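Chains as they are written, first to last, in the UniProt record's numbering: chain A, 1 to 350; chain B, 1 to 350.
Simulated from the structure, these hints should not be mistaken for lab results.
Computed from a prediction, not measured in an experiment: that's the story for all the values here.
There's no promise every hint is true.
One copy or two, either will do: identical chains are not told apart, so a pair holds if it fits within one copy or between any two.
As the list claims (entries may be wrong) - When the alpha-carbon atoms are kept at most 25 Å apart in a straight line, the in silico SDA-like pairs for lysine to any residue are as follows: (1) Lys128 to Asp50; (2) Lys49 to Glu156; (3) Lys335 to Ser141; (4) Lys165 to Glu276.
There are 2 protein chains.
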Amino acid sequence: MFENSNESRTSLSEYGEFGLIDHLTRNFGVTPENTIKGIGDDAAVLDFKDEKVVVTTDFLVEGVHFDLAYMPLKHLGYKAVMVNLSDLYAMNAKARQITISIAVSNRFPVEALEELYSGIELAAKLYKVDVVGGDTTSSNSGMVISVTALGAAKEEEVVYRSGAKENDLLVVTGDLGAAYMGLQVLEREKQVFKVNPNSQPDLDPYTYLIERQLKPEARQDIPPLFKALDLQPTSMIDISDGLSSETIHLCKNSGTGVNLFEEKIPLDPAVISVCEEFQLDSTTIALSGGEDYELLFTIDQKDYDKIKGNPNFTVIGHMTQQSEGMHLVTRANQKIELIARGWNAMDNKD
Amino acid sequence: MFENSNESRTSLSEYGEFGLIDHLTRNFGVTPENTIKGIGDDAAVLDFKDEKVVVTTDFLVEGVHFDLAYMPLKHLGYKAVMVNLSDLYAMNAKARQITISIAVSNRFPVEALEELYSGIELAAKLYKVDVVGGDTTSSNSGMVISVTALGAAKEEEVVYRSGAKENDLLVVTGDLGAAYMGLQVLEREKQVFKVNPNSQPDLDPYTYLIERQLKPEARQDIPPLFKALDLQPTSMIDISDGLSSETIHLCKNSGTGVNLFEEKIPLDPAVISVCEEFQLDSTTIALSGGEDYELLFTIDQKDYDKIKGNPNFTVIGHMTQQSEGMHLVTRANQKIELIARGWNAMDNKD
């Protein structure tokens, strides 16, 4: 994570006024059936035919959302795309195009931006989205990345946060807490590195956690899986801030309460062991950790057979009447009130 | 421009994690025929029916694109929207939706963001666009604003930068150079204020120039005017960086040269008199000043009668064979080579 410091550096100013974005985006092609015109005009022109357009946007700010001390730029580019695509999949939509704007100070050489764009390019390729626009500008301080993602869905397929009903099952994809614990491992290594820059940490036991933090994958597989299962969730959201606050979002938007069962929360064994190592409670981490980019959704009970036994899904609770409140049911069968504890204090999500 | 310093201040943290964006966007409604779902879910859902979607995005960075010493926040919000809508009109599209993301440090109270959003709201209302998404996050330093704008156009109506042909007429809307001279006036007043904070400047003679800088208007009237005139431009771009570099963009994208006539460049009398006061050459200002947000386009000569005598349009030159080069023809009938001299050295535009 501290590599490349001896490579050649090209100053941003060498590219002149309009050359930089052309240089950085030279490999970005377009998919003709979705994108009529990509980068290189006042605006991109997109073709969605008879589908509805779904759009989302997110900011990533250095020092707030990422720390370049342990976030390689290529991973940062990749993650910036994932954060946004995850919001599209949470609408049950297909991802189609992104625009990406970056403000950087002159302390970054062109090679650094190339690294960042190589991550963006890889993400765009693997998730089959076209990069159709953007802006590269100077900033007086840290790096700021803004991504806007466009997707498509049939109107009747779109899943909002607001459709959950009493008795619906609350379901989550994948497992939770790993991205947050990966961050804890990286923070610890950063401190060790400060004291002894020659230390060679053995990060092998933490590979899964670090990958979940540095190279998260958005669940592009889930919307087509719903289609294959003939399953229309009643509500859905992606888990960027933590299970707790996302569950509260679904309840508040749908006008329901919830019982969420602690023993059902899916945790990877690596999360459990590293939580012990750090003396942290794994349930708290899953509830509040965030950045897992899994999907949290509700389904009608009659659809339970469609997901039963499917390794992608875990039923973790059920919705109740709003008046019953939002509760975590502990392993000791105690009911405690669910509260939002996202860890980006001022950050809003959409 | 230095007012409001004694008003009450509400700390950003008082709104808690998800309250701030709700608070700031509480007045943003949607137009049901264009927007199925606006703010408040993972993504917005938009309806474009059988039209094509046009999308553009821009960053505004404090200290690079704006100076809060003389840019009131309401005007900044308004201008951030204009900069993007101007790109849509330059595609001959209708503006439909915007998303707006803002990173700010805690030195800004909630009242400051309310001011900013009141400008965004006014712009959205006057230009009939829905604000459908965004992100408000903390930053460790200055303010960064990112706007993405979505528009609609029939595929056959879209005008690219690349369609100009030899002998096409080069036409511009409005007049040029005023926004840049407004900035010069404001910069001078800022210096005067630094020396004597009690000075009361008489800015009346500069009203038009300052308005063009602080409250630019995008030319939403032009695409419907083209339709009414049954006129399809062959190429088009908006003037954000200056007439010179925009003309070069059209030539390079279209594979043509150009003869641009100095005596034809439309200048407001206020620009001419203030250029004299500042001992600046008004042609240079019009060529390089930027931020006028007028539209620059080319038309086939056979369409000349459609614009003849129309006060919105000025023919300023004609396209030539690429091999003839790109030239300014001076009042003394000298041909000098056109070079790009935008004044945001590292800024890219789209």
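*Using 25 Å as the alpha carbon limit, work out where Lys128 and Asp50 are close: within a copy, between copies, both or neither.*
both (20 Å within a copy, 23 Å between copies)
*Using 25 Å as the alpha-carbon threshold, which applies to Lys165 and Glu276: within, between, both, or neither?*
neither (37 Å within a copy, 71 Å between copies)
*Given a CA cutoff of 25 Å, do Lys49 and Glu156 count as a within-copy pair, a between-copy pair, both, or neither?*
Close inside one copy (15 Å) and across copies (15 Å); limit 25 Å.
*For Lys335 vs Ser141, is the C-alpha pair at or below 25 Å within one copy, between two copies, both, or neither?*
neither (47 Å within a copy, 43 Å between copies)
Hints 3 and 4 from the earlier list are contradicted by this structure; the remaining hints agree with it.
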